[in-house]
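J.: Residues per chain are reported as follows:
Number of protein chains: 2
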Amino acid sequence: MFTDIHNCCMLLGTADDILILCHKSPDGDTIGAAYGLYHALTHLGRRAAVRCSDPLPEKFAYIHGGIEMPEFEPQLIIAVDIAGPGLLGPALEQYADRVDLCIDHHVSNSDYAGLTLLDAQAAAACEVMTSVIRHLGVPLTKPMADALFTGCATDTGCFRYSNTTANTLRTAADLIDAGADSARITNDLFETVSRKRMTLENRIMDTLEYHFDDRCATIVMSRALLDELGAKVEDLEGIVSIPRRIEGVDVAVAFRENPSGTYKISVRTGEKANASAICENFGGGGHVRAAGCNVPGPLEHAKELLLEAVRKELTGA
Amino acid sequence: MFTDIHNCCMLLGTADDILILCHKSPDGDTIGAAYGLYHALTHLGRRAAVRCSDPLPEKFAYIHGGIEMPEFEPQLIIAVDIAGPGLLGPALEQYADRVDLCIDHHVSNSDYAGLTLLDAQAAAACEVMTSVIRHLGVPLTKPMADALFTGCATDTGCFRYSNTTANTLRTAADLIDAGADSARITNDLFETVSRKRMTLENRIMDTLEYHFDDRCATIVMSRALLDELGAKVEDLEGIVSIPRRIEGVDVAVAFRENPSGTYKISVRTGEKANASAICENFGGGGHVRAAGCNVPGPLEHAKELLLEAVRKELTGA
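Read top to bottom, the protein sequences are chains W and H. The first sequence begins at 1 in the UniProt record's numbering and counts up by one. The second sequence begins at 1 in the UniProt record's numbering and counts up by one.
Just chain W, same shape as in the assembly (with noise of 0.2 Å):
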């Protein structure tokens, strides 16, 4: 059922011994808004712990390391970020059905939870979670600055996605203010890149074709590329949006060879086309500027199956 903020902190003032989850391949803003929610309940004296089914990257460990969580039987469960249960992961989905407070910013959010509060307009949990502390009536300090400044810029592209909205930037205003390294973070996160994801990028790059009048652009990633740079599947996150960046190009298709000789298919799109609609004529799916596929092999064969669902969706036709 969905709630209001001022429910949601009457729950958050009952109980102790309360368990905060994670979803699944954690991102800044699901960790942001966990710890920053941890060091609250904390201030105010309850025992609260964090979990997530998988481990904690370590570009997050200022916001996660160094901090021992206790073992506890909860008597209340909360979710952040997490739109729906099947993204709680293996070691969490005995919650599933336990949830009993599910903070969120997903439009999505499919109403698992005993109560949700749910900010659709919000651009990150962590805009939501900071309301919510502030409600409680805690003071920010600076270890909850640092975790809710950290998903106001992850899930906003660092202020730059058309999400950021004018209390998106004064929440992360506020943060700085009471306390968040904010320059120090969106240097290690935007501004630095690994010298393997730097090769990874122009060697794929290099790749880059143009189809129909330039509205379309192509890269590829090879087996024999990823395995001569040693490059894993979450490497290649978010290269797919490099070309799809390019002036004029609506659709942006990236060819992963899989070791079987397949290829897995990643779309996105502009506003003039749907990746969902593309990826849909392969048995695949997923959301409007983003989708993905699998297609047979070689990569001639590929190239030859994409491109005509694209010429369609391009040309209605």
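Don't read these hints as lab results, they were simulated from the structure. Treat the hints loosely; a few may be bogus.
Where chains are identical, the list cannot tell them apart; a pair therefore holds if satisfied intra-copy or between any two copies.
What the hints assert, rightly or not - Cut-off 25 Å, straight-line C-alpha distance, at most; resulting in silico cross-link-like pairs (BS3-like, lysine-lysine):
#: 1; residue 1: 24; residue 2: 303
#: 2; residue 1: 59; residue 2: 272
#: 3; residue 1: 232; residue 2: 264
#: 4; residue 1: 59; residue 2: 303
#: 5; residue 1: 272; residue 2: 312
Please build the complex by placing chain H on the supplied structure of chain W, with the hints as guidance.
T.: Structure of chain H alone, referenced to chain W:
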């Protein structure tokens, strides 16, 4: 003489026929601040005009497009975002000794104007100008907001650089509330790249080399490549910053071949090296984090010279 916002607004309150000057090679901040002030003054019923020595870039046409500037003999001359008279450019240098008021945020401002409102804490001249317009009692309109938001975004790498403060973010939030089309502006300026630029970046990054345990990264822009791609100097802006972003790189050096065969060197450094010190070895200079110089060719000779200077800077010997 340096002054405060009250005296600045007193001066703005006294005059009509106000000429507003941008710096040469105009960027989003000087254009945004100038047009923000222009709209505020015309709102007050004053005659005002913006002038710049160079054409205003097409990408900022949403700020300057379709506005005809009147001709008049100025009673008041205002420079915005111009740290010294040398930045006026040929068409405006006639005003070098006649600037009545300068509104700026550069700590290096040479105090060349009659009065100077300097806020060196501000990330952008547009941040200062937003305060000035408020102090004038003029309500922020959409044209002002689009112009002023632009400078706040462009001078901070869209709120990524360390100059971004809580006040910068709050100012940007207020400008969004006043109607700035922040989603379109940030998408067009930061999330879109021309096909030519994408090719240039990729081909130049193909030349990436590491030195001194990967603490120095070099790239080469050969005449052959620049001619092949029809690249002008302005097309290369900021490319030297790409290798600087690589984790562990303290010094990035770009070698750009001049038509004469000499090399224009651009150096960017992190916290552990002084770019200006490196370039001073060759009669150049600049800032601690960004500097330049010229060295003789051929490329092997230029590299030898520069790498020896980088080695000295990194090892202190």
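J.: Pop the pair residue 24 and residue 303 into one bin, within, between, both or neither, using alpha-carbon distances up to 25 Å.
T.: neither (32 Å within a copy, 47 Å between copies)
J.: For the identical chains here, do residue 59 and residue 272 meet the 25 Å Cα criterion within one copy, between copies, both, or neither?
T.: between (35 Å within a copy, 21 Å between copies)
J.: Tell me, please, which holds for residue 232 and residue 264 at an alpha-carbon limit of 25 Å: within, between, both or neither?
T.: within (14 Å within a copy, 38 Å between copies)
J.: Taking 25 Å as the upper bound on the Cα-Cα distance, should residue 59 and residue 303 be classified as within, between, both, or neither?
T.: Classified as neither: same-chain Cα gap 36 Å, cross-chain 34 Å, threshold 25 Å.
J.: How would you label the pair residue 272, residue 312 (within, between, both, or neither) given a Cα cut-off of 25 Å?
T.: within (13 Å within a copy, 53 Å between copies)
The structure shown violates the earlier hints numbered 1 and 4.
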